[in-house]
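Residue numbers (my numbering), protein chains in the order written: chain Z, 1 to 1018; chain W, 1019 to 1257; chain L, 1258 to 1745.
No wet-lab data here; the hints were simulated from the structure.
Be careful, since some hints might not be right.
DSSO-like cross-link-like pairs, simulated, lysine-lysine; straight-line CA separation at most 27 Å [stated by the list, open to error]:
hint, chain 1, residue 1, chain 2, residue 2
1, W, LYS1072, W, LYS1179
2, W, LYS1179, W, LYS1148
3, W, LYS1179, Z, LYS74
4, W, LYS1072, W, LYS1142
5, W, LYS1126, W, LYS1072
6, Z, LYS211, Z, LYS179
7, W, LYS1148, W, LYS1072
8, Z, LYS714, Z, LYS340
9, L, LYS1566, L, LYS1635
10, W, LYS1063, W, LYS1148
11, L, LYS1716, L, LYS1494
12, Z, LYS74, W, LYS1240
13, Z, LYS609, Z, LYS714
14, W, LYS1099, Z, LYS74
15, Z, LYS202, Z, LYS179
16, W, LYS1099, W, LYS1148
17, Z, LYS74, W, LYS1148
18, Z, LYS179, Z, LYS169
19, Z, LYS737, Z, LYS714
20, Z, LYS74, W, LYS1126
21, W, LYS1142, W, LYS1063
22, W, LYS1063, Z, LYS74
23, W, LYS1130, Z, LYS74
24, W, LYS1142, Z, LYS74
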Amino acid sequence: MPPVDDSLTGRAYWRSLEEYAGSPQFRDLLGRAGEAIDPDSLGYSRRRFLQIMGASLSLAGLTLTGCRRWPEEKIAPFAQRPEGRVPGVPEYYATIAQRGGVAHGLLVESYDGRPIKIEGNPDHPFSLGASEVWDQATILTLYDPQRSRSVAKGPGEALAASDWAEFEKFIQEQIAGRKGDASSGLAVLVEPSDSPTLARMKARFLEAYPKAYWCQWEPVNRDQELEGGRLAFGRSVRGRYQFGQAEVIACFDADPLYFHPAALRHARDWAQGRKSADEGRMSRLYVAEPTFTTTGSVADERLPVRASRVPELVQALAVRLGVVSGQAGPLNGSTAFIEKLVTDLQRHLGRSVVMVGPSQPAQVHALVWAINDRLGNLGRTITLYEDPAGESPTQTEQMRELVRRMNAGLVDALVILGGNPVYDAPADLNFAEALGRVKHAVHLSLYQDETSHRCHWHLPRAHDLECWGDGRAWDGTASIQQPLILPLFGGKSPIEVLAMLLGEPADGLAIVRETWRGHLGLNFDSAWRKALHDGVVGGTAYPQVQAKPQVAGVELPPRVEGEFELVIQPDPSLYDGRWANNGWLQELPKPLTKLTWDNVAMVSVSDAKRLGIKRGDVVKLAVDGRELELPAFPMPGQAPGVVAVTLGYGRTHAGHVGDGVGGDVYRLRTSGASHVAAVALSPTGGHSELAMTSMHFLIDPLGERTVRLRVGEKGESGMIVREATLAQYRAHPHFAKEEHGDVRLQLFEPPVEFNDPHAWGMTIDMTACIGCNACVVACQAENNVPVVGKDQVIRSREMHWLRIDQYFKGDPEGSPDVVHQPVMCVHCENAPCEQVCPVNATTHDSEGLNVQVYNRCVGTRYCSNNCPYKVRRFNFLDYHAKDPRGGAKPWLGMPDTQQDQMVDRLRRMVFNPEVTVRMRGVMEKCTYCVQRIARAKMAARNAWAQGQRPDALVRDGEVITACQQACPTQAIVFGNLNDPNSRVVQHQKNRRAYALLGELNTRPRTQHLAVIRNPAQT
Amino acid sequence: MPTEPASNRYVFPQWVNYLLPLLVLGVVGGGLYVPVLVGLGASAKTLNAGYQPKQPVPYSHALHVGQLGIDCRYCHTTVEKAAMAAIPPTQVCMNCHNPESGEAGIRKESAKLALLHESYRTGKPVEWIKVHDLPDYVYFNHSAHVNKGVSCVSCHGRVDKMEVVHQVHSLSMSWCLDCHRDPRPHLRPLDQVTNLAWQPPALEGETPQEAQLRIGAELMQKYQIHDATYMTSCSTCHR
Amino acid sequence: MATLGTIQHEAPPVDIDNTHDDPRHRAPLVTGDNDFASVTTKVAQLAQRPPALWWWVALAIASSLAGLLLALIGYLLTTGVGVWGTNIPNGWAFPIVNFVFWIGIGHAGTLISAILFLFRQDWRTGINRFAEAMTIFAVMCAGIFPAIHVGRPWLAYWLFPIPNQMAMWPEFRSPLLWDVFAVSTYATVSLLFWYVGMIPDLATLRDRAKSRLGQIAYGVLSLGWTGSMRQWHRFEKAYLLLAAIATPLVLSVHSVVSFDFAVSQLPGWHTTIFPPYFVAGAIYGGFAMVLTLAVPARYLFGLQQIITKRHIDNMCKIMLATGLIVAYAYGIEYFIAWYSGHHYEQSLFVHRLFGPYAWAGWLLLTCNVAAPQLYWIKWCRSNPVMVMIVATFANVGMWLERFVIVVGSLNRDFLPSSWGMFYPTWVDIGMLIGSFGMFLTLFLLFCKFLPVVALAEVKTVMPQAHAPADHGDLRATLGDEVRSGGRH
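The task is simple: from the sequences and hints, build the whole structure.
So this is what it looks like as structure tokens:
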């Protein structure tokens, strides 16, 4: 059903809101609010209240209305305003997000009770203010009109509506009676989480139901990594990698900068070691991997190698370093890489990190632990922590066991708390069929997904921003997860459902507080409030482990034979598929492929040539009998013989946005070979059109030649990309400026300097950028950027204000370098767009912003034609009203009223009220987050007027743009060019700074910092 | 050529002669009519100024502000801090009109207050009707103006004289620009901002206008009010 | 086929070759055994007799295509410009291409009526009337596209400097604004010029009209023209003045239109040769269109003796001349690109010939550089079929020229990451065809209801117009010549 369908819109939900506002418990909450006994119950009533405010406020247009007596608007003030509240002034609440059960801190901006924007929590050690694409996008899921709205009974395609009361009755009849020994038929399947409260509830549950089977499963897990640790140390450990201190980093099929649970912190630390290039020091990153990962894309020395040969590489390394005795196998092609690495590692004992990814077998992990030990890294660049997994078998083992029990008929009641096993369980286990044998299957999830439709009970899950909880960071640092808004659809969290199973009230707050009552010391309430406020509970890290790895007699597993091997990875946008119904992520150009709305079978360029496969040609993949057809994608820098695919697509019950997008790779994924498998690849002759936001590396030879000219040959500067090796940089510090210096040929100087009282400017450090896309989604969330749909992306009409240009330099069949060049409007002082706009819709303001006035724009598109950076985006259709999976509908009413009428009310809740929502026919572009600038200026001026600060100027760091805030490596710096001490001025003074296309005399306010690489000297 | 009566000779009937004056009239008249229609008929002033919706609660500014002399900021508390000059929560009305506060509750039986008491009991907001309603792409900020010596009266008129509030000015873009190009006529000392009746103290031999301009000029310096280039930048009001 | 029928029993041969040049005396511009009356009859009867079957058929087709245009505009307005294939980087495509194309077509008319008139080129008289008509209709077609191509057409009036409650003026530095003025001025003057020139002929139609309605309609339109000496005197003055006013416009309009591109900084647009190059191109394309209409028209309406082979021949020669100018301009473009040493400029022109739109580039050269060269051969100029073929090539070429300039330059500019192809949608194509439909509809109606040939003017270049006083001795021989169809 399209989101604009009435039955799915928020209207029903508003009605329920009104009712709620009148309900008795609400009134008594109100009564209590006055006296403010318990800050949290107050917080509750407040949020609920603000939620209603959000509702009534969001009814106000949020749209471009022409000049006329517009429709009557209502103002619904609080009956009783919570103290300290100022309508229209956003508040921030600290909470957490969890991926793979590991938490990192968030700050959520709440505008009149509507959470509208998510940032990283600067005080959280594993966020440091940065955030992941998924953190940014989760806000859209919160307001997804297609989220499950009520308890429902199945199984079947259409679930019968039900309610919690009925479910509680079910618990009474079917579950509650099984306490004690009667509990043998019971099983619980949860998503793994380090949450202390979940652990506590698990314990209590198993206390009450001792014979019940407790199973943890998540398709993207770290099983082999854990096993490796156990092999080496005899216990479960996890390594905290200090990339900041490492001078040599070697990654074997690992992606510490993107998929690792601690990626944000890794990226920040790693970036320090890169930016220090300006002081002449720089870490060196070695990567050996089957296909490009984010980490691989910024490697100094990169070796494309089949995943199944990585173990031999590691063994060879181990042998060369004397970790294990014996003879390394033949290293055809990779000798040089290993030799360089070995010398480097030996030169940097105790100052290096060797890392292997979760897709490699346990033995390899064990070996690598030994290598790190030999290099003296343990305790220096790598801190070992006890892993909460403890003795428990791997998730795959648990899942296998669960299915065994189900098939054996030992499970008659299965409670699935989160997750989507029918979709993502290993194909060989055939979970769906086993599920059919369970008498009472209960499934808690955000959507009525694949699993829900095969269960007897579907329970709506509360979104992370709707419920209480807690979690622990990679090093164990704990945080409380607090809700920003009460469940929109009356959903419940896993811990609440567990409480129900125990016959207790499903009060998440009480449950979490109970967990922490013990830990937070005597003065609990204040400690609790502090924990909520900071978003971190100090001193809760896991105990460290001092141990020496024993790897004697570790045998490498047999290597995968065959012409092609399938490498299965999580998807950089959809992860394991849980984000399939999120338009922002579906349309997010994946790193390195720039692909949207699809998943592909990436093959090496040489294989593609040999088999005559072009981009988009459909190929059939066969893994022992299981088949899947996917469009092929020749990927530069991918190892020959590797076919790389990503999970998360081919959903059948994801929701309107996600259904039927791409192909389901889980069908090829077995419990035995969940990461690498031998595969047969055969072209089918079919072709499918791929929607890419940039198509520059597979075009006609002439085009490729031109691109090389502009981007530069491998290791050289080009016209638009300046780069050098560290050595060259030391030799010619001014290389970035030398060629095509920013010429200033003009008959007359511009009349205005655009620096009164501030002069806004930006720098983008291409040495630090890893192309992780966080900034892209952050910008989309902050600026109400619409989703356009696959058909429009194919017509190259995507709306992202910020794009990360990617250029491959060098032989695509070898190991090309990658350049990540983020480009958004550079705010030219001498802007070509401005003088060609016939209606003055784009002009300069006195502080140097090139402003785009949506309500003045008539849409000639002349500005875009004249923009050399092509950063302007045009609303060819009414994208906010358009169904991303369908075409645009004609509109016969007043043209300017379109969005107000046609945008789903619930989806409108996600709009940032500080930013005008653009209608069709209007040009838009990056504004340097003018709304944040305005907010900061206003605050400063008011403070000055009330004598609270000496001047009315905005201080450095008081304006942080959305992209800058999200960036894990702090590659983006924004600030006031008038302030000589501001960071942005320091960066623009940096010798690497250059103006993109400066030779056109556009005088951009945004400058790029050249790429510095640090390849090993040969 | 066939010979015909002269009148018919050129098939140019008498009445055609009237077409000429008609044509002239049409051109001139139309030339006048269009500006009149567009300039006056469809102008923001005609459409917006004087808008006076009936409010759910018959609250009289004339009584509370004009006669009782309650300061604007008693109810519109956030006007100096935020963009919105918050419509007061029911609680504020209840400070005086609270039905539970025995004798102290002023006119608490009055039927006019029924809706307020209802709201106070249920917590349901009173739905006031917005009078001064700017387009959603205009980001007006009260604090920015109030903290710079722009009085309430400049935009809202003599609210202290209004039984039912109505819109006085057009609130059109050009109307805003008038002041953004030259704020002097609208500036006054910060402590006089909410004094709707304030008149610029004139030196002798000075008309009120001159006095206002003099004071305005001084205050522009004092409050560091920006020049027109800054204040007429699009980003000042649009985002 | 009534119209054709009437011509059959005129003195054969109908189509007389008068293209030879004999220094001893002027070649006749009206051939055959024609006197004032016969000329009047031939032209006037077109407006009087019921139209032929083919006319109805043609009108049906043309007007339904025009209807398609209107329908598509409705679809566009309700749904958004996304119904076209335009995108980023190709912010402009078919609509602007069509606009420039039609404006260009408009040029021949004014050129013929104004410049040739000032240069006393008598042969213009035979063709200027419907060349002018063509201009008006072309400009109307052109006018549609800029209006609807903007994202919010209902606000397009913001381009006009009207006092408004936003206290905003348009950006006078923007070439698009110059367009607004240039095109509207051009349209107004051309219309006036056309109408004023028509007044005496309208009077003729009035006098010959049978129905009362016709008489009054033509009568009012002819503003009571009596044909008196004084009126003729005023008329000549007015016409001369209008010609003087219109002449600079011929050059200005397309120069201004070319500024849309020349003023920008985009490689392939940013070049100083555009104004002259566009004007030459426009005249070239305009005459191509006149020919495409004139050649069939003179047969269908039996005007071979008024729009003679000599007219056709002259127009071909003009096409040849302007075609050479265009070819030169192309050459200079490539030369400057190379000579500038500017990478982006150079690669743009390499891509034009060998990039994704190479087909357009080469086809363009074939149509606008190679094809017109055939006009060096006399046979090609005198053989109606050949004339038509080359003229059609030129029309296609001129449309392609604008396509290559607009899309060919936009699709690959500075940052390779933003390169993008343009693919037209069915709406794009429908609107292009629709605009032709509208053009033809108007033209067919014009042929039916208005004098397609400037009768009064044609008569001035007929021998009968020369009083016995001047070259009387010649008169007999000249008369013979004319009757004998000028064959020796």
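| Taking only the CA atoms, is the gap from LYS1063/W to LYS1148/W under or equal to 27 Å? | holds, 17 Å
| field | Holds or violated: LYS1072/W to LYS1142/W, with C-alpha atoms at most 27 Å apart | value | holds, 19 Å
| said: Just to be careful, I want the Cα atoms of LYS1130/W and LYS74/Z compared with a cutoff of 27 Å; is the pair within it? | reply: holds, 20 Å
| 27 Å Cα cutoff - pair LYS1072/W, LYS1179/W | holds, 17 Å
| request: Could you grab the alpha-carbon distance between LYS74/Z and LYS1148/W and see if it respects the 27 Å cut-off? | output: holds, 6 Å
| message | Against the 27 Å threshold, does the CA-CA distance of LYS1126/W and LYS1072/W hold or violate the hint? | response | Holds, because 22 Å separates the two Cα atoms, which is no more than 27 Å.
| message | LYS1099/W and LYS74/Z were given as a pair; does the straight-line alpha-carbon distance stay at or below 27 Å? | response | holds, 22 Å
| Straight-line alpha-carbon gap LYS1179/W to LYS74/Z, limit 27 Å | Roughly 23 Å between the alpha carbons, so the hint for LYS1179/W and LYS74/Z holds.
| Does the alpha-carbon distance linking LYS179/Z and LYS169/Z stay inside the 27 Å limit? | Status holds; Cα separation ~16 Å.
| query | Is the straight-line distance between the alpha-carbon of LYS609/Z and that of LYS714/Z 27 Å or less? | reply | holds, 22 Å
| query | Is it true that the CA of LYS714/Z sits at most 27 Å from the CA of LYS340/Z? | reply | OK: LYS714/Z and LYS340/Z at ~20 Å, within 27 Å.
| request: For the pair we were handed, LYS1063/W and LYS74/Z, check the Cα-Cα distance against 27 Å. | output: holds, 22 Å
Hint compliance for this structure: hints 12 and 21 are broken, all remaining hints hold.
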